Amino acid sequence: MTAATVALAVPSILEVDGNLWLSLLLKVGAVLGFFFVAPLLVGYMEHKVMAHQQARLGPMEAGGFHGWAQLIADGVKFIQKEDIIPRAADRWIFAIAPGVALVPAILIFLVIPLAPGGFAEDLDVGLFFALAIGSISVIGVLMAAWSSANKFSLIGGVRAAAQLIAYELPLVLAAAAVAIQAGTMSLVGIVEAQNAFQIPGTDIGIPYAVTQGIGFALFFTAALAELARPPFDMPIADSELVFGYLTEYGGMRFAMFLLTEYAGMVSMAALMTVLYLGGWTIWPGVVTPGCEVVGGLTSCNLVGTLIGASVTMGKIFMLTFLMIWVRVTFPRLREDQLQRLSWLIFIPLALLNILIVAVAKVVL
Amino acid sequence: MKLKLPSLPELKVPGLAKGMAVTLKTMLRRSVTQQYPHEKPDLPPRTRGVIALMEENCTVCMLCSRECPDWCIYIDSHKEVVPPKGEGARARTRNLLDRFAIDFALCMYCGICVEVCPFDALFWSPEFEYSEYSLAELTHEMPRLRAWMDTVPPPPMLEEGAEPPKEIAEALKGAAKAAAPAGAAPAAAADGGATTAAASTTTAPAAAAAAPREATPAIHVEAEVDQAVYDQLIAEGKSERVARAKAKSAFVRRRRAEIIAARGAGTSEGESTKGEA
Chain A
403 MTAATVALAV PSILEVDGNL WLSLLLKVGA VLGFFFVAPL LVGYMEHKVM AHQQARLGPM
463 EAGGFHGWAQ LIADGVKFIQ KEDIIPRAAD RWIFAIAPGV ALVPAILIFL VIPLAPGGFA
523 EDLDVGLFFA LAIGSISVIG VLMAAWSSAN KFSLIGGVRA AAQLIAYELP LVLAAAAVAI
583 QAGTMSLVGI VEAQNAFQIP GTDIGIPYAV TQGIGFALFF TAALAELARP PFDMPIADSE
643 LVFGYLTEYG GMRFAMFLLT EYAGMVSMAA LMTVLYLGGW TIWPGVVTPG CEVVGGLTSC
703 NLVGTLIGAS VTMGKIFMLT FLMIWVRVTF PRLREDQLQR LSWLIFIPLA LLNILIVAVA
763 KVVL
Chain B
2 MKLKLPSLPE LKVPGLAKGM AVTLKTMLRR SVTQQYPHEK PDLPPRTRGV IALMEENCTV
62 CMLCSRECPD WCIYIDSHKE VVPPKGEGAR ARTRNLLDRF AIDFALCMYC GICVEVCPFD
122 ALFWSPEFEY SEYSLAELTH EMPRLRAWMD TVPPPPMLEE GAEPPKEIAE ALKGAAKAAA
182 PAGAAPAAAA DGGATTAAAS TTTAPAAAAA APREATPAIH VEAEVDQAVY DQLIAEGKSE
242 RVARAKAKSA FVRRRRAEII AARGAGTSEG ESTKGEA
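Sequence order for the protein chains is A and B.
Everything in the first sequence is counted per my numbering, starting at 403 for the first residue and increasing by one.
Everything in the second sequence is counted per my numbering, starting at 2 for the first residue and increasing by one.
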């Protein structure tokens, strides 16, 4: 993007003029708040959706109403647990591995726009930042696997590494196609570009999920694999590896890995919302009530911001629901099937997708 | 060089969609889960929950204790001398129960003790909520076993058309024999009316003459399942067992009504019906 656009960009609503420290505090608070609340909601949704899809009820006691406080109760339980480090483990690495996995999961939320102005930071390379930071989690996983001094952990960790490398490629390639079509790597810029996108020759706006259906499907599946969610949960395959790289973990450290997974679901769903579903817009081209579009930039009053944020959250929850739904439905893939799927199908398809998008971008 | 690429059917997309449809449909259906502590289960009356003791029926024959595969029934007793009943009789002894306990921590709920008791001292009760914090408290002593008697349901109704229990049939036969020479039909009819199936050949005609409604038990109809009623009950969601029993009794009732109607219409045609008086 040109410098002019950056200068024109709508600032974050958390920005306080001339007060760096207050803005910083607000942004960190907002990101941390979102990080701790959204994964809890997703975790609760997983409990309930999974239960009902298996003809059960799920948690019904904690908190009184349909077990709404189950995850809070779980958290309290995790805190109370003894912190066990195996004698043969590499103590320091073992202790900091959950943090290494957790921190990138928090950092992704820095760049995710929930509404016009409803973000902490609008980086020019937001997409690049999100994908790069997201890949750091694998180092935490490998550290956990190696330092546990446990064969199951190690096998799980190696599987995780192989899987994350295999699926990083289709993920990044699919995202690259979006960046090509939008002409920017800023996540806010992608939403705005998508908002302005119309079927060539008409004035009907469509989200990138339609123009890049293949890319969306690839990104979604690769995201599942990146998060090691069933049916791609070979790294923790409980019937083969006890619990993979999490075997030796318990209590708070285990909870941190768990939180990482749910935060990962939220951030991946948020990325998909931004890249393919039009972000905060109800439908590309439709101006959200309380907002106005001036020169390709959306600015909103408080109501518009809230509506935009709810629309984004709605899309995020729809996608996480889809992830849970897929998890409940399909059995785990075999390790070789997983690798074959990525290298022989997904990567060629992703390259094809880029080719089509690039050609279309130049021609139209 | 030939690289083996997976073909598209290998992705099995329709199958995947079908699987998603199954889970979604399951999610949209109402769950059948019972919220147990808040919602008591609707157990069948003959559920094997706990064993109750009717201690005055117990003769300390020790059959239950000996047949118990887990050896979880403890019985202590002592003998008591009963003074002679009359002149020239001799004193007798009888067993008095001191302790009767069942260790439900060992019990495997096979029901052999209930089955084997010749004096109807042991019964099944459907109560099941008697968990304890210590194993020792699962040994229920006499007062506790006695208290369970209050929860024992009455014995199940006999199926219509079934033979009466032996002791009732014997008693009725005796009563009828005693009453017949005197020609006291109403007395016999009253006796016969007490049970639904008094299959006494001598009393039936007399009773029929005295009160037409009381005559119905005398008509024996072989019970068969009325298919229409059975199907309807199954459709209403009744269990197979209940539906079968109700369909049988509906069939018997209908046959009886037919037979009675045939008799009322013309006694000459009444003989052709299948019913036997």
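Derived from the structure by calculation, the hints contain no laboratory data.
Please note that a few of the clues may not be correct.
Examples of chain A residues toward chain B, derived with CB under 8 Å [what the hints assert, rightly or not]:
| # | residue |
| --- | --- |
| 1 | Gln456 |
| 2 | Arg458 |
| 3 | Phe732 |
Just so you have them, the derived chain A footprint on chain B, three or more residues with Cβ under 8 Å [said to hold, decoys possible]:
| # | stretch |
| --- | --- |
| 4 | 28-39 |
| 5 | 255-263 |
None of these values were measured; they are calculated from a predicted model.
C-beta: ideal position from N, C-alpha, C; glycine also.
Each hint tested on the structure:
Nearest Cβ of chain B to the Cβ of A/Gln456: about 7 Å, under the 8 Å cut. The hint holds. Checking A/Arg458 against chain B: minimum C-beta separation of about 6 Å stays under 8 Å; hint holds. A least Cβ separation of about 6 Å between A/Phe732 and chain B falls short of the 8 Å threshold, and the interface hint therefore holds. For the stretch 28-39 of chain B, the stated coverage by chain A holds: 6 residues have a C-beta nearer than 8 Å to a C-beta of that chain, and at least 3 were required.
Beta-carbon proximity to chain A at under 8 Å applies to 0 residues in the stretch 255-263 of chain B; the threshold of 3 is not reached and the given coverage is violated.
Hint compliance for this structure: hint 5 is the single one not met.
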